[in-house]
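So the protein lines, in turn, are chains A and B.
First residue of the first sequence? That's 0 in numbering that gives the first Met the number 0, and the numbers climb one at a time after it.
First residue of the second sequence? That's 0 in numbering that gives the first Met the number 0, and the numbers climb one at a time after it.
Bear in mind the hints are in silico, worked out from the structure with no lab data behind them.
Nothing here was measured: the structure is a model prediction, and the numbers come from that model.
Among the hints, erroneous ones may be present.
[Said to hold, decoys possible] Below, simulated DSS-like cross-link-like pairs (lysine-lysine); rule was C-alpha separation at most 25 Å, straight line:
id: 1; chain 1: B; residue 1: 169; chain 2: B; residue 2: 10
id: 2; chain 1: A; residue 1: 225; chain 2: B; residue 2: 330
id: 3; chain 1: A; residue 1: 17; chain 2: B; residue 2: 325
id: 4; chain 1: B; residue 1: 135; chain 2: B; residue 2: 117
id: 5; chain 1: B; residue 1: 232; chain 2: B; residue 2: 288
id: 6; chain 1: B; residue 1: 125; chain 2: A; residue 2: 211
id: 7; chain 1: B; residue 1: 31; chain 2: B; residue 2: 17
id: 8; chain 1: B; residue 1: 316; chain 2: A; residue 2: 9
id: 9; chain 1: A; residue 1: 225; chain 2: B; residue 2: 83
id: 10; chain 1: B; residue 1: 146; chain 2: A; residue 2: 135
id: 11; chain 1: B; residue 1: 78; chain 2: A; residue 2: 135
id: 12; chain 1: A; residue 1: 9; chain 2: B; residue 2: 315
id: 13; chain 1: B; residue 1: 101; chain 2: B; residue 2: 17
id: 14; chain 1: B; residue 1: 101; chain 2: A; residue 2: 17
id: 15; chain 1: B; residue 1: 146; chain 2: A; residue 2: 225
id: 16; chain 1: B; residue 1: 368; chain 2: A; residue 2: 225
id: 17; chain 1: A; residue 1: 17; chain 2: B; residue 2: 333
id: 18; chain 1: A; residue 1: 225; chain 2: B; residue 2: 101
id: 19; chain 1: B; residue 1: 169; chain 2: A; residue 2: 17
id: 20; chain 1: B; residue 1: 146; chain 2: B; residue 2: 125
id: 21; chain 1: B; residue 1: 330; chain 2: B; residue 2: 380
id: 22; chain 1: B; residue 1: 315; chain 2: A; residue 2: 211
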Amino acid sequence: MEEKVINTRKQLYDNVTKWMMNNAIYLVLLALLVIIVIISPDFISLRNFKNILVQASTRVIMALGVGGIIIAKGTDLSLGRQVGLAAVISASLLQDIKYEYRMYPDLPVLWIIVPILIVMVVTALFSTMNGFVVAKLNVDPFIATLGMMVIVYGVNSIYYDRPPYGAQPIGGLDKRFTGFAQGSIHLGSFDIPYLIIYAMIVIGIIWVIWTKTSFGKNMYAIGGNKEAALVSGVNVVVCTILVYTLAGLLYGLGGSLEAARIGSATNNTGNMYELDAISACIVGGLSFNGGVGSVSGIVTGVLIFQVIAYGLSFIGVNPYLQFIIKGLIIIIAVAIDSRKHGNNK
Amino acid sequence: MADTTQEIDNKPFILEMKNMSKSFPGVKALDKAMLSVREGTVHALLGENGAGKSTLMKCLFGIYNEDEGEIVFNNKRLKVSSAKQALDQGISMVHQELNQVKDMRIMDNIWLGRFPRKGPFADEVKMYQDTAKIFKELDITLNPKQKVRSLSVSESQMTEIAKAVSYDSKIIVMDEPTSSLTEIEVNHLFRIIRSLKARGVGIIYISHKMEEIKEISDEVTIMRDGKYIATRKSNEVSTDEIISLMVGRDLTHRFPVKTNQPGEVIMTVENLTSLHQPSVIDVSFDLRKGEILGIAGLVGSRRTELLETIFGTRAKKSGVIYLHGKVIKNKFPKESIKNGFALVTEERRETGIFGVANIIFNAVIANLKRYVQPIKILNNKKMQEDTAWVINSMSVKTPSHKTRISSLSGGNQQKIILGRWLLTEPEVLLLDEPTRGIDVGAKFDIYELMIELGAKEKGVIMVSSEMPELLGVTDRILVMSNGRVAGIVNTNETNQEEILRLAAKYL
Numbered sequence: 000m001e002e003k004v005i006n007t008r009k010q011l012y013d014n015v016t017k018w019m020m021n022n023a024i025y026l027v028l029l030a031l032l033v034i035i036v037i038i039s040p041d042f043i044s045l046r047n048f049k050n051i052l053v054q055a056s057t058r059v060i061m062a063l064g065v066g067g068i069i070i071a072k073g074t075d076l077s078l079g080r081q082v083g084l085a086a087v088i089s090a091s092l093l094q095d096i097k098y099e100y101r102m103y104p105d106l107p108v109l110w111i112i113v114p115i116l117i118v119m120v121v122t123a124l125f126s127t128m129n130g131f132v133v134a135k136l137n138v139d140p141f142i143a144t145l146g147m148m149v150i151v152y153g154v155n156s157i158y159y160d161r162p163p164y165g166a167q168p169i170g171g172l173d174k175r176f177t178g179f180a181q182g183s184i185h186l187g188s189f190d191i192p193y194l195i196i197y198a199m200i201v202i203g204i205i206w207v208i209w210t211k212t213s214f215g216k217n218m219y220a221i222g223g224n225k226e227a228a229l230v231s232g233v234n235v236v237v238c239t240i241l242v243y244t245l246a247g248l249l250y251g252l253g254g255s256l257e258a259a260r261i262g263s264a265t266n267n268t269g270n271m272y273e274l275d276a277i278s279a280c281i282v283g284g285l286s287f288n289g290g291v292g293s294v295s296g297i298v299t300g301v302l303i304f305q306v307i308a309y310g311l312s313f314i315g316v317n318p319y320l321q322f323i324i325k326g327l328i329i330i331i332a333v334a335i336d337s338r339k340h341g342n343n344k
Numbered sequence: 000m001a002d003t004t005q006e007i008d009n010k011p012f013i014l015e016m017k018n019m020s021k022s023f024p025g026v027k028a029l030d031k032a033m034l035s036v037r038e039g040t041v042h043a044l045l046g047e048n049g050a051g052k053s054t055l056m057k058c059l060f061g062i063y064n065e066d067e068g069e070i071v072f073n074n075k076r077l078k079v080s081s082a083k084q085a086l087d088q089g090i091s092m093v094h095q096e097l098n099q100v101k102d103m104r105i106m107d108n109i110w111l112g113r114f115p116r117k118g119p120f121a122d123e124v125k126m127y128q129d130t131a132k133i134f135k136e137l138d139i140t141l142n143p144k145q146k147v148r149s150l151s152v153s154e155s156q157m158t159e160i161a162k163a164v165s166y167d168s169k170i171i172v173m174d175e176p177t178s179s180l181t182e183i184e185v186n187h188l189f190r191i192i193r194s195l196k197a198r199g200v201g202i203i204y205i206s207h208k209m210e211e212i213k214e215i216s217d218e219v220t221i222m223r224d225g226k227y228i229a230t231r232k233s234n235e236v237s238t239d240e241i242i243s244l245m246v247g248r249d250l251t252h253r254f255p256v257k258t259n260q261p262g263e264v265i266m267t268v269e270n271l272t273s274l275h276q277p278s279v280i281d282v283s284f285d286l287r288k289g290e291i292l293g294i295a296g297l298v299g300s301r302r303t304e305l306l307e308t309i310f311g312t313r314a315k316k317s318g319v320i321y322l323h324g325k326v327i328k329n330k331f332p333k334e335s336i337k338n339g340f341a342l343v344t345e346e347r348r349e350t351g352i353f354g355v356a357n358i359i360f361n362a363v364i365a366n367l368k369r370y371v372q373p374i375k376i377l378n379n380k381k382m383q384e385d386t387a388w389v390i391n392s393m394s395v396k397t398p399s400h401k402t403r404i405s406s407l408s409g410g411n412q413q414k415i416i417l418g419r420w421l422l423t424e425p426e427v428l429l430l431d432e433p434t435r436g437i438d439v440g441a442k443f444d445i446y447e448l449m450i451e452l453g454a455k456e457k458g459v460i461m462v463s464s465e466m467p468e469l470l471g472v473t474d475r476i477l478v479m480s481n482g483r484v485a486g487i488v489n490t491n492e493t494n495q496e497e498i499l500r501l502a503a504k505y506l
């Protein structure tokens, strides 16, 4: 009888420690959040909430791109630089016609959608090249996209730094363009920023692609067991390339929205965004071993990350210290990931 | 019941593979191999491990491209360069290693590569219904929406078989489909096979289990060392004849004469349980000086895991190991090696050899402290000497010490790995499938070596899936079933049936 009580207690203890291990990253982040709120109770406000969502909107679009790649057991370090390229090109094509320092002084007023589509095609091309190098030439995704990261930065800088005005931030954006990202729908006293709506549309589309189409299932299959996908007749090469292409489309969209949200762009826009996006994915339950993860997980991961980043700035934590905290979160998240999904012995 | 000779002869060939050759660096895996399968028959493909059966099937299925040869299928020349093409042509395969995406559902796995569509979307309803229909036809009672990860090994195997059947193929290759099935499930599979036969499907059946082959097959083709040896009607050939064709030499000379004499206990394992899944549970046994202890079991019975737990590459949860009566921990390999243990791993390519390195490196790597001189420089002369000892004492065939190990044949690679561990002067050798994928001659050498080690009062544990070698070389056999010890039997008092029965004990 007594033994039984001890056994149940031990079992309970085991279960609790196991649950805490599995959710450790959320517990760490919750603790951070509690600290933030204790230091500055004002943090909990509708305004902050909205700001966080707006910032998270562009980030989630990018994270969904790299998220698909991670599910297919790849990675993409070129995300940030591709976002930067998208931001610079879209900004350069959508400067206000009355702005003095236009990159293309003679460019007519364009439909907003045209430049956005152009940059999506451009980043899709670069990402497709990533996919080709990874899937067809069998280069490790880390190396392939590391190379692409540098190449895209070079391309972007050449585009950015040229006559007539040389390397300077591309500003004076067309009001329609900034309004496209910064505006909101008014519902009585309440207003919903457009960006949040765009993000939700993208989230919906990606959810459908991942869960309802053959392409999505193949993506999970390739990440889960490439050999099995191959012998089942999946065209692994084409499917892998398309996963990268889709990511490129999302980077293009995210980058141009980011330019409109900030109101300007430089060749350093987007720098290191890949780290935020990849860490958000890992925090959201994706694994570098591939084959697992969900749209909702990625959305949660991005939100958690954004809350922490915004919160740390809000209570005035030294920005350099913020880097250290973010870095620690990434390492802890991956360490826990390998405990959960790794081949433990 | 297998068909009569005349019935079989009347059936036309549906698949003919002629003069198939395929080389890998250092090995000729196929050397003018042949196979002709009639429609509506079961054709057993036999040969020892490494005889080239799997390679031949991989050529058929488009995973490998043959160097030369011709495949005629349905009276047409067949040229496939991917699994998809093979499947489209009507050739499907139950793979020996379970090729499944564990984090997906059963139905996703079955329709992978050909999801039914409804507009742009995958048709989940149809997938579910079609899977349920196939399962009903085949008498499988699994929920199609269950994740594959949650299935037992035998359940996964049945879903793989269902998948192969669902392609409606003209040829189905089954590569050791019963390796992890219980007797009831094997009978279930045989019913499925007979109904496929009645539909005119040709089945290529690869197995090592002679009783099964006699029961289910119509014809057998035997391969050895990548070559075609013979094709016979199953009801006209005896098991002994098949085995002697497979081995290529008189059965009595397959195993060396045993000269080892088990003495006092050297190691005791008590209630050993490992921490992580797949885990071994409550394993206890003794190992004697000069004894060769075999470990038998089905695929997934966690024999490898047992060796890993003893050696410290897998974490222990509870249990004690005694060496010479003293408790030892073996928490990690470095400690185990110091305690006198050695582990030759199962996956030679993955965890045994350093493929890009030369023979010297591979021979001395587990034992570097033996060569350390002042200021940490390694003694090159001594390493050369030891490498020479490995090459000579194991009769390794190699052009030089500096040859890349990956350019040697599997048997020679294995000898070097064994030599590597003998250099550490171990007391307990843990050998995991030491003869997998190596030729008959090299096997004989390795058996000889094991017996010699026994005669020198070492303790040897050998995990093996090959019943003849377990029965031919060991002194006792420990049978694992689902992570537990199902029984320990004396080799000269047991037989294949008893071992198989024990292996199914905890399924």
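Okay, the hints, checked on the actual structure:
no.	hint	in the structure
1	B:169 to B:10	14 Å, holds
2	A:225 to B:330	34 Å, violated
3	A:17 to B:325	34 Å, violated
4	B:135 to B:117	24 Å, holds
5	B:232 to B:288	47 Å, violated
6	B:125 to A:211	13 Å, holds
7	B:31 to B:17	7 Å, holds
8	B:316 to A:9	15 Å, holds
9	A:225 to B:83	14 Å, holds
10	B:146 to A:135	30 Å, violated
11	B:78 to A:135	22 Å, holds
12	A:9 to B:315	19 Å, holds
13	B:101 to B:17	37 Å, violated
14	B:101 to A:17	22 Å, holds
15	B:146 to A:225	17 Å, holds
16	B:368 to A:225	40 Å, violated
17	A:17 to B:333	29 Å, violated
18	A:225 to B:101	11 Å, holds
19	B:169 to A:17	50 Å, violated
20	B:146 to B:125	18 Å, holds
21	B:330 to B:380	33 Å, violated
22	B:315 to A:211	43 Å, violated
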